[in-house]
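J.: Each chain, letter by letter, is given below.
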Amino acid sequence: MRWVAIARRLLTALPLAAGIVLVTFFLLRLMPGDPVDIAMGAAGNVTQEEIDSLRQSLGLDRPVWDQAGVFLYGLVRGDLGESIRSRTPVTELLKQALPATLELSFAAVLLSVLIALPVGVMSAVRPRSLWDRVVMSGAFLGISMPPFWLGLVLMTIFSVMLGWLPTSGRLDAGVTVPTITGFLLLDTLLTGRWAEFGQAVRHLILPALTLGAELTAILSRVVRSSMLEVMGMDYIRTARAKGLAEWKVVLRHALRNALIPSVTILGLQFGVLMGGNMIVETIFSWPGLGRLVVDAIFARDYPVVQGAVLLYAITFLLINLLVDVLYTWLSPRIDL
Amino acid sequence: MASLWQFLKRMIRRQPLSFVGLLVVLAYLLAAIFAPWLAPAAPDEIALSERLRPPLGFEGALPHRPLGTDMLGQDILSRLLYGARISIAVGTGTVAISLTVGTVLGTLAGYYRGWLDQVLSRIADLLMAFPYLLFAILMMGILGPGLLNLTLALTFKAWVEFFRVARGETLSEAQKEYVEAARACGAAPWRILVRHILPNIAHTLAVIATLRLGYMIIMEASLSFLGLGVPSNMPAWGSMVATGRDYLLDAWWVSTVPGLAILLLVVSINVLGEGLRDLLDPRLRSG
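Here the protein sequences come in this chain order: A and B. Counting in numbering that gives the first Met the number 0, the first sequence runs from 0 upward without gaps. Counting in numbering that gives the first Met the number 0, the second sequence runs from 0 upward without gaps.
Pulled out of the complex, with its shape left as it was, chain B reads as follows:
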């Protein structure tokens, strides 16, 4: 706890902007958790008499519908709050599983090399040559809509990046003297991997995980936009943007507001990620 506090203090001093990013991300997280208490209405409550009302501050706005309503009269704020649950769950779920799978396979392949490395690296090459969205669309076609399926469909390709980084880092770490020393002392391979190599590559992986989180949220939204995400009665941000497509002129807010919600979250995550990178692992900096 004390070291976390120290780290936060260092972050505020050296990367104040990424601290703001962290606060925004936490706010989204709280909003998602407490959505049922914060939302003024049920996300799927239809009120045709209140359809296509603008956000507060524009003519015709309703006081109890602060961000306006869509063409079914559903409250956009409530849908946003519930939609945050989907985006955050799928985004963090994908990154967490991919990080775990990629790290385990990558360190094993980098340490043992040989046939295991050959097989895994060829699979990785194969997946890399698939356009991400295309692969995810195919997987969603097989799995069908749903939160878990969405996470799995994205994970099937997302682990590759963590695998490649973990493998490369392990390859170079394994050459170093401290690993040689541990081996000379008779440490078992799993002990070398877990106690010696993993702590030395963890920073890099953590930074990449944060930077990938924003991308996964955009991917989830893209799939939902195409109608391939969660079941259609669930309020995903991507599908909210999609439903507003036909009302660009008369009701710009229907697709603009959820788009801004995605943008703000992803910007905050990326600011946080780049701040973490500069604090933890400056040599990753390339652009």
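So here's chain A without its partners, still in its complex pose:
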């Protein structure tokens, strides 16, 4: 029954994704500024004929409705067109950028969970203690912090002043690793390049901390408040009454039930986190989707923006679905 529900959810997500892409398509055409002019302007002296022929070969001389039709027809066949600037297929650009973005996002989420879970539980075990107050004030700051500024502050302290961590990119300049999955941490491990693995980790730390800061703050507050709620329940008293060690009561009985709200927030925030990567990737020159799409919007590189937005939307919808599935697993009473 569950598979049917998942399939149904996937089917309803499709028109939504299509709608998002179409909205993007028309929003882009509403923007002032011509992609060919911008691309040619960068190239220097060109003749009008060259401009016209480029425009023609890209189909940009046709009416907008025609362009939309061509785009949709390509989309159905899995063809997203090619970049106006680099003439590379959009799918190729996305294939390069997506692993970088996912690696960064997963690292950010992982760091958030690793920090927020113990911190939130410890706060809930001793509410109103000094620890609780310090941590919750920190979480409050984390929620109110502009991410671009946090990134710069971390960069100033750990890269510029202390020189411990690099400021940009996924690897040091000039270093390359053969691509297998596109995830550098995996690729370096698979090929046994330990030095490059360490380098990739060091490059990942600051962007992941910046990207995950808000989630860490929100999550530790949610973990704390739901733990506090659960700790007052009858079954916790029962567990204590039968003489269980306190850590067992906290970790086995309370935590599992307290996790449900955290999973919801995690899922909801993952979408926000992915959407926040434009800022973080710009600051740390991270070659992912966020930087790709920001650059493409500035250059009016329509096909690249369309493809990237589609990928964002699909990821967002898939994550929502995943959260709902996780939900039923954590709490079997809830049905899809």
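These are computed hints drawn from the structure, not numbers from a lab. Ideal Cβ positions, reconstructed from N, Cα and C, are used throughout, including at glycine. It cannot be assumed that every hint is accurate.
To be verified - Here chain A is said to cover these stretches of chain B; the calculated rule only asks that three of the stretch's residues, wherever they fall, bring their Cβ under 8 Å from a Cβ of chain A: (1) 36-47; (2) 138-148; (3) 220-227; (4) 253-266.
Assemble chain B onto chain A, guided by the hints.
T.: This is chain B only, laid out in the frame that chain A set:
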């Protein structure tokens, strides 16, 4: 007036911290309003001989430039004061329009349901699946830089949250007996919505509006940071942070000071918002 005073007294007694937040927010507001009188210099006054001077208390500081200067010798304090106008105007403008639009559409959709609800809810779903910043960047690309455009670009997606809350609250309120009673008395739908349902959901909406205000200010700053906010000659906090990027080592204050200004304002708004939530609508509390 008397009830406002009562409310403030209750706030000071039960949520002293959020009262402090309120005072800080008011201070920002006054600073923004009186910027021309408070600022020691014009925000765009360039003095290359005084460039990259640190704030007071650091070596090389100038007494008439208390928060230091940037690489063009512009006075950071003056730019901060004028920048507060942009952040506050865009933040409150966005929240006010979104609150109004979202509440009107949300109560209508929740009360009448049917096709209107279907259409609006699908639009809301669509907008929700767009990353906020990405959508705002696209809108700014279309509208071009400017205060009003910035507000509109953020509003195009911000109304959705108020719509969803207003709709959900109206749906559940409409089931209650007092609405049934009003309907039985022959009250017109608009009267039920405005006189009966709206007062009962207003608290929730007010709390969410306050909590969203801080987020909108961060969004405005993020767009300005990317160079997509107000025209470049206007001193927005986000673009001030961006200009300091190249001077992190030699002149940390250029991007640190405006960042702290944003942080303090947003923290104060959020403290105030959470205090209001606990006073007005404790069941919203979830984390």
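J.: Hint compliance check: list the failing hint numbers for this structure, sorted ascending.
T.: 1
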